[in-house]
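Visitor: Listed below, chain by chain, are the residues.
2 protein chains.
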Amino acid sequence: MVQLTQTVKKGGCAAKVAASELRKILGQVQFPPNDAAVMVDGGLFDDAAIYKISEDLAIVQTLDFFTPIVDSPRAFGAVAAANALSDVYAMGGTPKTAMAILAFPLGVLENDVIVEVLQGASDKMREAGVSFVGGHSIDDDTLKFGLSVTGFVHPKRVWSNAGARAGDHLILTKALGTGTCMASLKRQHLTEGQLQEPLNSMMTLNQVLDLFSETEAASIHSATDITGFGLLGHSQQMAKASGKTFSFTFSRLPLFEQTLSCLENGFLTKAHASNAQYTQAHCRTDGLSPVQKNVVCDPQTSGGLLLSVDPAQSEAIVKKLRSRFGRAGVVGSVEPASAWAVDVLP
Amino acid sequence: MVQLTQTVKKGGCAAKVAASELRKILGQVQFPPNDAAVMVDGGLFDDAAIYKISEDLAIVQTLDFFTPIVDSPRAFGAVAAANALSDVYAMGGTPKTAMAILAFPLGVLENDVIVEVLQGASDKMREAGVSFVGGHSIDDDTLKFGLSVTGFVHPKRVWSNAGARAGDHLILTKALGTGTCMASLKRQHLTEGQLQEPLNSMMTLNQVLDLFSETEAASIHSATDITGFGLLGHSQQMAKASGKTFSFTFSRLPLFEQTLSCLENGFLTKAHASNAQYTQAHCRTDGLSPVQKNVVCDPQTSGGLLLSVDPAQSEAIVKKLRSRFGRAGVVGSVEPASAWAVDVLP
Chain A
34 MVQLTQTVKK GGCAAKVAAS ELRKILGQVQ FPPNDAAVMV DGGLFDDAAI YKISEDLAIV
94 QTLDFFTPIV DSPRAFGAVA AANALSDVYA MGGTPKTAMA ILAFPLGVLE NDVIVEVLQG
154 ASDKMREAGV SFVGGHSIDD DTLKFGLSVT GFVHPKRVWS NAGARAGDHL ILTKALGTGT
214 CMASLKRQHL TEGQLQEPLN SMMTLNQVLD LFSETEAASI HSATDITGFG LLGHSQQMAK
274 ASGKTFSFTF SRLPLFEQTL SCLENGFLTK AHASNAQYTQ AHCRTDGLSP VQKNVVCDPQ
334 TSGGLLLSVD PAQSEAIVKK LRSRFGRAGV VGSVEPASAW AVDVLP
Chain B
34 MVQLTQTVKK GGCAAKVAAS ELRKILGQVQ FPPNDAAVMV DGGLFDDAAI YKISEDLAIV
94 QTLDFFTPIV DSPRAFGAVA AANALSDVYA MGGTPKTAMA ILAFPLGVLE NDVIVEVLQG
154 ASDKMREAGV SFVGGHSIDD DTLKFGLSVT GFVHPKRVWS NAGARAGDHL ILTKALGTGT
214 CMASLKRQHL TEGQLQEPLN SMMTLNQVLD LFSETEAASI HSATDITGFG LLGHSQQMAK
274 ASGKTFSFTF SRLPLFEQTL SCLENGFLTK AHASNAQYTQ AHCRTDGLSP VQKNVVCDPQ
334 TSGGLLLSVD PAQSEAIVKK LRSRFGRAGV VGSVEPASAW AVDVLP
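As they're listed, the protein sequences go chains A and B.
To convert a position in the first sequence, counted from 1, into our numbering, add 33.
To convert a position in the second sequence, counted from 1, into our numbering, add 33.
The hints are simulated quantities; they were obtained by calculation from the structure and are not laboratory data.
Glycine included, every Cβ here is placed at the ideal spot set by N, Cα and C.
Be careful, since some hints might not be right.
[Stated by the list, open to error] Label-pair distances were calculated between CB atoms; the ranges are:
| # | chain 1 | residue 1 | chain 2 | residue 2 | range |
| --- | --- | --- | --- | --- | --- |
| 1 | B | 246 | A | 370 | 52 to 60 Å |
| 2 | B | 200 | A | 70 | 35 to 43 Å |
| 3 | B | 349 | A | 68 | 25 to 33 Å |
| 4 | B | 69 | A | 225 | 35 to 43 Å |
| 5 | B | 221 | A | 357 | 53 to 61 Å |
| 6 | B | 227 | A | 174 | 25 to 33 Å |
Based on the provided sequences and hints, a complete structural model is requested.
Guide: Take a look at the structure:
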């Protein structure tokens, strides 16, 4: 049985180009002007974009792909699909169609691996009510897989990064630590059998809207999903976009059972360092231990949603989220802007 | 100055997974059911998909990406963009938004290469009136670039592969031979300077609808773009979908100045063989020489549109096409179904 993580050098969102490098590169390109219908433009290469079709309808678009972060082909397909669909959910949208992005080492891996990867992704699309409408495949040295996803959202009900309000509670839907846990898998310290909790978490769709009443849904002011830049990196982007300070309490953050021991054992990725660098000027983590700092910089693959919620509704929202996301909870609050975009207390 | 073709093993659409292998693989996957709004589903991994939004509007979706087929980063970005946008034009649609798919060997190639690739693509998006709304980038062993594109089309004016009618003229908008010409570039037999004709052709947008009157546009019954499976492979798909036989006259096919000599010198790709295999049971090419057979199997990158057109309008259409596509012309006709999907006469 092939172990996919042994076929690549680095896996998952940890393999993405660092945010600071990307910003420098994109600043030098003369992009075409945006159509007036573009409401949100994923300029930083990582958010979903929103394009308005009518007063009642906008389309949400995103794409994501990566090298294997897990060993089983079917689990890899499911994680990659859940991860790509998540960007639509993070905008308050409902995914409708998906196209596959597949790079495959023909003749090196068995073709059955493609079948399994596509089956894992198809199972998630079925669960999400998404139609699989095509894609593109190439012969390549290492396996990469992901989806380009299109969804619908009402133009007035978009969860942009800029909507967090002072006083909001910050709710995180999934535990942290997929980066270090999957690094320990890749270096064969732990097995998939020992990592069922993070594996199941990565395969869980970030579909939440169907859980809520209209009042509850309207109390969600802003959202993002936590992926490659870690809790700190994505919170920093959202806090800056909203012009607020996000305050987290480390002890309230949900972690996988193995997260701390994996970090203590030194299972790190390149992204741990680049995320620390990306966030150091704007995030205060003085009170944290080195291992705790690595938790908040841990690159997540198919991580949770971070929701900024009216405090009057947060208890009801957490209760409903728990029916699907066992580790969901309030992990911090939104404060008026201070010297820091993000402040993490022990 | 880096020569991008020297950084990869195989380039462009020649690197795609062969159609016959793909068909076998996809046949084993239990895909999710399609939403009733899916009008066209790019099941074979290579056409654009159509999703109906209302009686007046459908969205066209496609994605395409590949390794460098040319040496200059800016030209590579432009070719990749023109190639990806082409699938929307081939459905009769107008592209609106695009997201980038970028795999890049950080630390191996200079970051300036990314800037140039994105600039080349942005220039084409500007020309096409397309907004660049995001994308995803990963660190990878070799450069790959492409776009996921969304466009609009009227649901009743879709150019499907299934609409060709007996008696139609077949019009091809660009000359053939990018596969062998770029193979000669990669093997350093010819330079980009010597290959300006195919380079310019690959960078030319397949935008045609704006040239035509309503009557002319309505006389186009079916269309496809000629890419990795070559003239024969894509014609076979369209002829079968339409339940007709496509008859070509080899002597009428436009070729780049260097196409025949490159093929005679043995500049072939893996796709020449796999395209021949893919088409052998359904296409008659008995009367052609071995070199001519390789012309019709030559994998095109950003190749021309093949339009199936009412004969009463074909002269007017060719005349208007020539203002933008100097090599456009009638290359064959659609016949009632015979034993062959495609018949190529000398």
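Visitor: Indicate, hint by hint, whether the structure satisfies it.
Guide: Hints, verified against the model:
Checked against the hint of 52 to 60 Å, the C-beta distance between residue 246 of chain B and residue 370 of chain A comes to roughly 58 Å, which is consistent with it. Restraint check, residue 200 of chain B to residue 70 of chain A: a C-beta distance of roughly 41 Å satisfies the suggested window 35 to 43 Å. For the pair residue 349 of chain B and residue 68 of chain A, the beta carbons lie near 32 Å from each other, so the given range of 25 to 33 Å is met. In this structure the supplied range 35 to 43 Å holds for residue 69 of chain B paired with residue 225 of chain A, their Cβ-Cβ distance being about 38 Å.
Separated by about 57 Å at the C-beta atoms, residue 221 of chain B and residue 357 of chain A satisfy the suggested range of 53 to 61 Å. Between residue 227 of chain B and residue 174 of chain A the CB atoms are about 30 Å apart, so this pair conforms to the stated range of 25 to 33 Å.
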